[in-house]
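Quick note on this note's numbering: the sequence shown kicks off at -11 and runs consecutively.
Fair warning: there could be bad hints in the mix.
[Unchecked claim] Simulated crosslink set (BS3-like; lysine-lysine; CA at most 25 Å straight-line):
no. : residue 1 : residue 2
1   : K38       : K48
2   : K19       : K29
3   : K48       : K29
4   : K(-6)     : K5
5   : K5        : K19
6   : K7        : K19
7   : K37       : K16
8   : K14       : K37
9   : K48       : K37
10  : K16       : K5
11  : K30       : K19
12  : K30       : K7
13  : K(-6)     : K7
These are computed hints drawn from the structure, not numbers from a lab.
Bear in mind the structure is a predicted one, so any value in this text is a computation, not a measurement.
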Amino acid sequence: MRRGRKTAASIDERVEKQKLIVLKDKEKMDKDIAILDDLMKKQEELRNKKLLSAITKSNKSFEEIMAFLTENMDGDSEES
(Lines of atoms letter the chains of each structure in order from A and count residues from 1; the text may use other names and numbers.)
(Lines give C-alpha, C1' and ligand atoms only; values in the text may rest on other atoms or scores of the structure.)
Protein backbone atom coordinates (compact mmCIF):
# COMPACT_ATOMS: atom_id res chain seq x y z
CA MET A 1 0.00 0.00 0.00
CA ARG A 2 1.36 3.39 -0.94
CA ARG A 3 1.65 6.24 1.46
CA GLY A 4 -0.32 9.40 0.75
CA ARG A 5 -3.00 7.61 -1.22
CA LYS A 6 -6.35 7.45 0.54
CA THR A 7 -9.01 4.94 -0.27
CA ALA A 8 -12.56 6.03 -0.93
CA ALA A 9 -13.70 4.18 2.21
CA SER A 10 -11.10 5.99 4.30
CA ILE A 11 -12.20 9.36 2.98
CA ASP A 12 -15.87 8.47 3.51
CA GLU A 13 -15.12 7.55 7.14
CA ARG A 14 -13.30 10.83 7.69
CA VAL A 15 -16.20 12.76 6.11
CA GLU A 16 -18.69 11.04 8.43
CA LYS A 17 -16.51 11.71 11.49
CA GLN A 18 -16.18 15.36 10.51
CA LYS A 19 -19.95 15.67 10.01
CA LEU A 20 -20.48 14.37 13.55
CA ILE A 21 -17.93 16.81 14.94
CA VAL A 22 -19.57 19.73 13.11
CA LEU A 23 -23.04 18.68 14.26
CA LYS A 24 -21.86 18.44 17.86
CA ASP A 25 -20.18 21.86 17.61
CA LYS A 26 -23.34 23.36 16.09
CA GLU A 27 -25.48 22.00 18.92
CA LYS A 28 -23.08 23.48 21.48
CA MET A 29 -23.05 26.80 19.66
CA ASP A 30 -26.86 26.86 19.57
CA LYS A 31 -26.97 26.24 23.33
CA ASP A 32 -24.37 28.95 23.94
CA ILE A 33 -26.35 31.40 21.80
CA ALA A 34 -29.52 30.63 23.77
CA ILE A 35 -27.67 31.25 27.05
CA LEU A 36 -26.22 34.50 25.72
CA ASP A 37 -29.64 35.64 24.49
CA ASP A 38 -31.16 34.94 27.91
CA LEU A 39 -28.37 36.82 29.69
CA MET A 40 -28.74 39.81 27.37
CA LYS A 41 -32.50 39.91 28.04
CA LYS A 42 -31.85 39.85 31.80
CA GLN A 43 -29.25 42.61 31.38
CA GLU A 44 -31.75 44.75 29.47
CA GLU A 45 -34.42 44.15 32.14
CA LEU A 46 -32.02 45.30 34.85
CA ARG A 47 -31.09 48.41 32.87
CA ASN A 48 -34.77 49.21 32.32
CA LYS A 49 -35.51 48.80 36.04
CA LYS A 50 -32.57 51.05 36.92
CA LEU A 51 -33.72 53.69 34.43
CA LEU A 52 -37.30 53.58 35.69
CA SER A 53 -36.08 53.86 39.26
CA ALA A 54 -33.98 56.91 38.38
CA ILE A 55 -36.92 58.54 36.60
CA THR A 56 -39.21 57.84 39.55
CA LYS A 57 -36.74 59.34 42.02
CA SER A 58 -36.02 62.41 39.91
CA ASN A 59 -37.76 65.73 40.49
CA LYS A 60 -38.39 66.19 36.77
CA SER A 61 -41.87 66.15 35.32
CA PHE A 62 -43.00 63.73 32.64
CA GLU A 63 -42.95 66.54 30.10
CA GLU A 64 -39.40 67.55 31.02
CA ILE A 65 -38.17 63.98 30.72
CA MET A 66 -39.89 63.46 27.37
CA ALA A 67 -38.54 66.76 26.06
CA PHE A 68 -35.03 65.73 27.07
CA LEU A 69 -35.34 62.30 25.49
CA THR A 70 -36.80 63.57 22.23
CA GLU A 71 -34.90 66.84 21.79
CA ASN A 72 -32.60 65.52 19.02
CA MET A 73 -35.13 63.27 17.31
CA ASP A 74 -36.38 66.01 15.01
CA GLY A 75 -33.39 65.65 12.71
CA ASP A 76 -31.40 68.40 14.40
CA SER A 77 -27.85 67.25 14.81
CA GLU A 78 -25.70 68.53 17.61
CA GLU A 79 -22.09 69.33 16.80
CA SER A 80 -19.60 67.28 18.79
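query = Hey, K19 versus K29, does the alpha-carbon distance stay inside 25 Å?
reply = With Cα atoms ~15 Å apart, K19 and K29 stay inside 25 Å; holds.
query = Taking 25 Å as the top limit, are the C-alpha atoms of K48 and K37 close enough?
reply = Measuring from Cα to Cα gives roughly 18 Å; hence the hint holds.
query = Is K16 close enough to K5, meaning Cα to Cα at most 25 Å?
reply = Holds: K16 and K5 sit about 17 Å apart, inside 25 Å.
inquiry  = Hinted pair, alpha-carbon criterion (25 Å max): K(-6), K7. Please report holds or violated.
reply    = holds, 18 Å
ask   = Do the alpha carbons of K(-6) and K5 lie within 25 Å of each other, as the hint requires?
value = Holds: K(-6) and K5 sit about 16 Å apart, inside 25 Å.
inquiry  = Checking one constraint from the list: CA of K37 to CA of K16, max 25 Å. Satisfied?
reply    = Between K37 and K16 the Cα gap is close to 32 Å, so the pair fails against 25 Å, i.e. violated.
task = Given the hint that K48 pairs with K29, test it: the Cα-Cα distance must not exceed 25 Å.
result = Roughly 28 Å separates the two Cα atoms, so the pair is violated.
key: Restraint status (C-alpha distance of K38 to K48 at most 25 Å)   = holds, 16 Å
message = Checking one constraint from the list: CA of K14 to CA of K37, max 25 Å. Satisfied?
response = violated, 35 Å
message = What's the verdict on K30 and K19, does the C-alpha distance respect the 25 Å limit or exceed it?
response = Roughly 17 Å separates the two Cα atoms, so the pair holds.
key: Pairwise hint evaluation, K19 against K7, where the allowed Cα distance is 25 Å at most   = holds, 18 Å
ask   = For the pair supplied as a hint, K5 and K19, is the alpha-carbon distance within the 25 Å limit?
value = Roughly 21 Å separates the two Cα atoms, so the pair holds.
In this structure, the hints that do not hold are numbers 3, 7, 8 and 12, in rising order.
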